[in-house]
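Asker: Starting from the known structure of chain A, fit chain B onto it as the hints suggest.
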Amino acid sequence: MARHRVPRIRSSEITPQAVWEGRREFLRLALGATAALAVPVAAGDVDATLATAFPGLVRTDLGAGLKPTAREVFTSYNNFVELGSGKEAPAENAHLLRLRPWAVRVDGECEAPGEIGIDDILGRFPQEERIYRFRCVEAWSAVVPWVGVPLRDFLARFKPTSKARYVAFQSVHDPKNLPGQRRPVLAWPYVEGLRIDEATHPLTLLATGCYGRPLPGQNGAPVRLVVPWKYGFKSAKSLVRISFVEQMPQTTWSKLQPDEYGFYANVNPSVDHPRWSQKRERRLGEGLLASRHPTAMYNGYETEVAGLYAGMDLARHY
Amino acid sequence: MPGWTWPGTTETLRAVALRAAKPLALVLVCVPFAWLAVDVALDRLGANPVEAVLHRTGDWALRLLLCTLAVTPLRRLTGWQWPARLRRILGLAAFAYAAAHAATWLLLDRGLVWEEVVADVLKRPYVTLGFSALVLLVPLALTSTRAMMRRLGRNWQRLHRLVYPAAVLAVLHFVWLAKAGRLEPLVYGTALAVLLLARVPTRLRRGATAAGA
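So the sequences go chain by chain: A and B.
Number 290 in our numbering belongs to position 290 of the first sequence; there are no gaps in the numbering.
Number 163 in our numbering belongs to position 163 of the second sequence; there are no gaps in the numbering.
FYI, nobody ran anything at the bench for these hints, they're computed from the structure.
Hints are all accurate, no fakes.
Dumping the calculated SDA-like pairs for lysine to any residue here, alpha-carbon to alpha-carbon at most 25 Å:
(1) B:Lys123 with B:Ala102
(2) A:Lys255 with A:Ser277
(3) B:Lys22 with B:Ala141
(4) A:Lys67 with B:Arg44
(5) A:Lys159 with A:Glu109
(6) A:Lys279 with B:Tyr126
(7) B:Lys179 with A:Asn177
(8) B:Lys179 with A:Trp276
Far from chain B, by Cβ distances over 12 Å, these chain A residues were calculated:
(9) Pro101
(10) Ile118
(11) Gly123
(12) Ala156
(13) Thr161
(14) Ser243
Where is the CB? At the ideal position from N, CA and C, for every residue including glycine.
Extracted from the complex, chain A is given alone in its bound form (with noise of 0.2 Å):
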């Protein structure tokens, strides 16, 4: 497989020194409360004792001059309405998801359907470390340090046929459970999909962990799908079930408001989001007076994935 160079960042779009280090002061607090009186815990320690949640963690060098988003900012603000509107509201009721037993269904055009559990997803595919930047629709932006398996990896292994032109993703469908799913706010479960192409490229990823520990509920726990080139609501999260399909499937944004959220929703700064501008982004965690960082083609990773889209009209599939 080939490797797939990141583009080099701008210094302007890296996260402050301080804010970074606030992680590790913040974890040190936490640590230093349960263990007052064990020996003092360094920043360094702390890192290891993160890593040692994926045994055999692949570090790869993906992203490796991006400075992540502080851990505590990337899983307090979410985007996640099966557990709750709002930002705050999918930390607060991330609890409510049931991550065990979790299996994950394969199914539609191909050879060797079937149903994965997560432990297996976990213990089969080798996991490896990736920083990818992440651009919402709603204009802010982070940098995370995702732990996954290439997607082509995971889908190879059911065999698609030559009528497998689509993916769909079907997060969770849990409304005894999950309050948002109680309402009619979207067309439950939540459904998302990539073109064959998008799903099998390289910097696709089937996620299982942020910043070297397992998922967090609200970041989509136990496993999402991540797509460093679009929005961020093309990634599901909580996934129970990936299809292969012919047709492109009805994703449940772009089903809800068709002129607002696209098929494709690739990040794009020169086509602008009906009510708001897509030009520049709110980086999450870098405070009140930080300005925005003016947003890049694909998300900066324009000489990965541009060759996906040649010839095609971008303000139209957008």
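Answerer: Just chain B, lined up with the frame of chain A:
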């Protein structure tokens, strides 16, 4: 009647309430601002502090504007005198939060990038609505003094009817920008509808009296 009261108590209490209402209201309308200032100082605004300041100033502008509109119906309903004394404080506070909201957007969110600011005001309906609401409140804030009331006479009341379109624009501003499925815009919209409808019977009666006379 309980034994411990004596003639004049109710009147005394009423006088105290009337006198205390204004300073108390002044303190109360400053509380959300003080709270916000503390949260800024202690860095407690979370992952997206600019958005937090924007939302909190906007919410309070809208709430106080609705409080201002609640004064007249409340007085008619209860016969209480003190709400009328608070109208100016509530109205000015609503304007102050709206101005802080706009300033936050202009300075912190847009970072004074003028091409974008102008484009947003002209092109984005929710910005246009919010900006118009603020513009309508400016003359009301400027003519809120007793001297201006005297100077403008009957026209003062006519001018201050601008608060109705301002409130409608402000609520629409919120409805327009909110994401599908959020309940808050609906709550504010309903409150505004109730406060406006509460005025209809009086208007009709007044109209009838005028026609009969």
